[in-house]
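Asks: Line order of the protein sequences matches chains F and G.
No gaps in the numbering here: position 583 of the first sequence is 583 in the numbering used here, and each next residue is one more.
No gaps in the numbering here: position 131 of the second sequence is 131 in the numbering used here, and each next residue is one more.
In case anyone wonders, no lab produced these hints; they're calculated from the structure.
Wrong hints could be hidden among the right ones.
Copies of the same chain look alike in the list, so a pair counts if it works inside one copy or between any two.
[As the list claims (entries may be wrong)] Straight-line alpha carbon distances no greater than 30 Å define the calculated DSS-like cross-link-like pairs of lysine-lysine that follow:
id, residue 1, residue 2
1, K463, K326
2, K244, K16
3, K242, K133
4, K133, K272
5, K326, K144
6, K272, K242
7, K326, K509
2 protein chains.
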Amino acid sequence: MHHYQAPLADMLFLLKAIPALENAAPDGSDLDVSDASLVLTQAAQFIEKALVPINQSCDQQGCRFEAGEVFLPEQMGQALKDYAAAGWMGLAMPEPWGGQGLSSRIAACIGEMLTSGHHAFSMISALNTSAIKALLSFGSDTLKQQYLPKMVSGEWLGCMSLTESHCGSDLGLIRCAAEAEDDGTYTLKGNKIFISAGAHDASDNIIHLVLARLKGAPEGVKGLSLFLVPSYLPDNEPSNGKQKNQVQCIGIEEKMGIHSNPTCSICYESAKGFLVGELNQGIKVMFVMMNEMRMGTALQGIGLSEVSYQYSLEYASERRQGRSLKGAVEPNEDADSLMVHSDVRRMLLTQRAFAEGGRALSQFCAQLFDSIELSASELDQPERENNKMLLNLLTPIAKAFCTETGLESSSLAIQVFGGHGYICESGVEQIYRDGRIATLYEGTTGIQALDLLGRKVLGTQGKSLLVFTKKLHRFCQQQQDNQAFSSQLAQLAHYTQEWPQLTQSLGLKAMKDHQEVGAAAYDYLMYSGYVTLAYFTLLMAVTAQGLLDPLLLEDQVEDQTANHYSEAFLNAKIRTAHFYFARLLPRADAHKASLQSGEATLAI
Amino acid sequence: MHHYQAPLADMLFLLKAIPALENAAPDGSDLDVSDASLVLTQAAQFIEKALVPINQSCDQQGCRFEAGEVFLPEQMGQALKDYAAAGWMGLAMPEPWGGQGLSSRIAACIGEMLTSGHHAFSMISALNTSAIKALLSFGSDTLKQQYLPKMVSGEWLGCMSLTESHCGSDLGLIRCAAEAEDDGTYTLKGNKIFISAGAHDASDNIIHLVLARLKGAPEGVKGLSLFLVPSYLPDNEPSNGKQKNQVQCIGIEEKMGIHSNPTCSICYESAKGFLVGELNQGIKVMFVMMNEMRMGTALQGIGLSEVSYQYSLEYASERRQGRSLKGAVEPNEDADSLMVHSDVRRMLLTQRAFAEGGRALSQFCAQLFDSIELSASELDQPERENNKMLLNLLTPIAKAFCTETGLESSSLAIQVFGGHGYICESGVEQIYRDGRIATLYEGTTGIQALDLLGRKVLGTQGKSLLVFTKKLHRFCQQQQDNQAFSSQLAQLAHYTQEWPQLTQSLGLKAMKDHQEVGAAAYDYLMYSGYVTLAYFTLLMAVTAQGLLDPLLLEDQVEDQTANHYSEAFLNAKIRTAHFYFARLLPRADAHKASLQSGEATLAI
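Pulled out of the complex, with its shape left as it was, chain F reads as follows (with noise of 0.2 Å):
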């Protein structure tokens, strides 16, 4: 039986050794590695104890629905209020609300450990963290001082009611429809379809933040409206949920993995909800919730990688099969572990660049949505639009290229098993199972690859992705004089340049023919996540041979987090970075033959 361990040592390494990384973008959450090393340790212990251990059971069980009711396997409900009770529902949240205020450097560390550890109930979490994004910036006082307190704690969950059976990415067909009511109220009507955890046995009450279209609005996604629809409505006393609203589960699906998480169709019949942020401006408050959980998706591809790595290397280190090329390196035994093999290494080094190196693209994200939040005085102006840009240029490619790297990785880990991994035993399979999902929801791959060039990139003309390539070349100028990544310093610096000048003549083809975007779009997204996790890998190499300095390891000895990153810890990333530059970053040249291809090459 394989197991995971939260990667602690990594995400410290990160928190600390990168402590701004490269000091781009100050958090200013005064984060504390010390207590940082103590929350995400106690995390680490209560998923490793009380959610790996019920992951497979959960899935096996899977959910119920029955005359209406969902029922969750009973130790993924109980589970989900342990969770709660410990706190760490609110753990990014405001201390106003109930939260410990907490960086979300430390969030997006604790979100992937809960997916490496149990998909199916990471998923809870990260919604009702993006429904509570979206009320903190246009929730009404009313609506907040109702319904906050109780979601910041876990009370109540949160959940997106976007999709209808006709309307996926399609947004502006959406029919579902809100009447004004007189008390300044809404009835809504109509039926949504995938809603994640949109009704179940766990919570007192489930938070809907609904997309509809008020009667008379205008078409497609200029109509639409965002209104809260709580499955119990808070009457006499405005923080308890009492009196049933018209929210039916009509039904779940039956689905290849994430069992335990019901996938719901929601009927409104004559709901009662509430109106959050402005009239037909639903998209917009839509969006708050979906980036956040793009980056909460993206975290769930490393937490992909991250578990897949674990139980690869786990594997291979115990199964004994063949014998290393060389000739027997144990010939005691019957046979040599896998390890000895380097197909199986390449597999497994896969794996962990993509774990690593997306772990550090995420905690790059985290920490310019830290900055943004700052008070004007904090940080100046140009700098936060500069970060604003970056995140909105990196959230399109953490979530696709690190759910994408995570599927592969998922697949690797069936493949390192062999046949073993195709039964359910195993554990990897589920792993595949569930982390298919991930590529779909909240926006497919190509949703994404048409956000990133289309508005992110074109959009700005170039200039979110001048902000991101400046850096990088900053990054390889630095570094000029060190020999040991010459040719790395070399290969990311030619991508620095050769990325805009891409996308320039991506610009012009687009100018003259707007489906050239599509065309080039998700070819352009995979070769950025290339270049992008170059950048990082590059980053912690770099950052870890400086530590293996001697006389600053003499330093870290006085460090009481110096074991974190031991010699062997730091040896290894300097590997990763020389595998990932040899044997993965090629693939972003056929990446880009492939999209410089354009619009003709995809006639069918």
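Starting from the known structure of chain F, arrange chain G on it as the hints suggest.
Replies: Structure of chain G alone, referenced to chain F:
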């Protein structure tokens, strides 16, 4: 609901328009295209009517293991009996044993269709064929007479029994023991796992071909022998299994997919067995089965790409979501069909290119197989040797590359369906789950890669590779005046030169350090696959271009099969080639960079 339809037009195009695939290998089976068309049409009807409709329910129902007996889903058992009764089992088997003696090319088409229609079913027929081929090559006359007629008719079914819990890829570790009896038979003792269809209620007698070690035999693979172990022993009447042999199924696996094919753990407790081939030559006999199964698994990969393409194409044509980036294509509808989105077409074309390119490769391999079987007088010795080398070279490429690309195609099917693809009802998640086994069994991709680079290429000092690249080179020369494909021909010519060069430099590295073979093998295989499919893709496009010539088309009107390649069909072939060379072939360069980077980059 989506329905698979056998790609008869493409199959007939390959059989007819490229009758001897550029005349490299006469297939010698007097293949008559209208006969072939008839047989394929009948097979397609059976598969579309009897297998496709039960595929999903068989998956849901799965197999039962009760009191030592294995029960298939009822529909599966019935379908197996109907399939055998209709004579499909013996299609490409020799007429003296009750088969129909048809070309392997026809059998390859049907093998592919079977997987597209019902993966779990197709394995049973493929395993039976493999066992028959081993008996044909190595069985004693007595064994042939006792077993072949019933196996060819499909009353009895063969299976392969190799894996033990401690050894999968490393067969040298096999412990299953055989003891010689005075009557010339053997007594087998040992446990095997992962025996597909090793026990079930749809056959009177399951014929196990078991790899075991005679007492006192040498260690490792050199001490293995292959035994025929029937689950029922023929008694007085030679062709009737009556007496239960000591072959006991002790459990079946819970696994991710192929639920209606039982994966059995088998205990041989003093089971009676009969030697097939010579003592300690078991591996040689096994490789007859194994090579057959590897080509069979390649067909599974192709069938996986094909069915993924068909489902995706149908969904993308029906589902409306979003608008073309050019502006609404169907302004009267709420939204355009998914087909207007360039990225959706990219996914569809990827699936199609893998299906059609793989199919051409598999047809070429089938042709090589048949040509080798010709009597010496019909094929001169050097040509026979060349063809053998080619088939040896292409088998691991076909097995690994077509299954890896099959997995990609099935994952893309889910991606085209979006969230709906994750739901069981869609059918595509089952394709994905079932298909995932294909890169694992009959030798993982890593094993195929070592076989290709180590044994087939370097082991022949590159001779087999040169036979193939010279063929590609000749093709490029013959087409040198072809303006329509000049850039693709130049690309192919480049790889035709580069491939042997890469090989040579790998060979030199490997002489110094054997591990360099392992470090390069996977990427070498994938590189080889992309170049190989480039050739077949271009060959088809050039052929299609020739047929589009007005004069030629006019001739075709006379031909009753002309409608199998309509102008639309031929144009699609040309577009697939444009797509493949622009967007898939560049991946070869990424694999080249990775394989050149050497063992040093795989330190972990």
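Asks: Each hint: holds or not?
Replies: Consistency of the hints with the structure:
no.	hint	verdict
1	K463 - K326	between (52 Å within a copy, 24 Å between copies)
2	K244 - K16	neither (48 Å within a copy, 68 Å between copies)
3	K242 - K133	within (24 Å within a copy, 72 Å between copies)
4	K133 - K272	within (22 Å within a copy, 70 Å between copies)
5	K326 - K144	neither (66 Å within a copy, 43 Å between copies)
6	K272 - K242	within (14 Å within a copy, 72 Å between copies)
7	K326 - K509	between (52 Å within a copy, 13 Å between copies)
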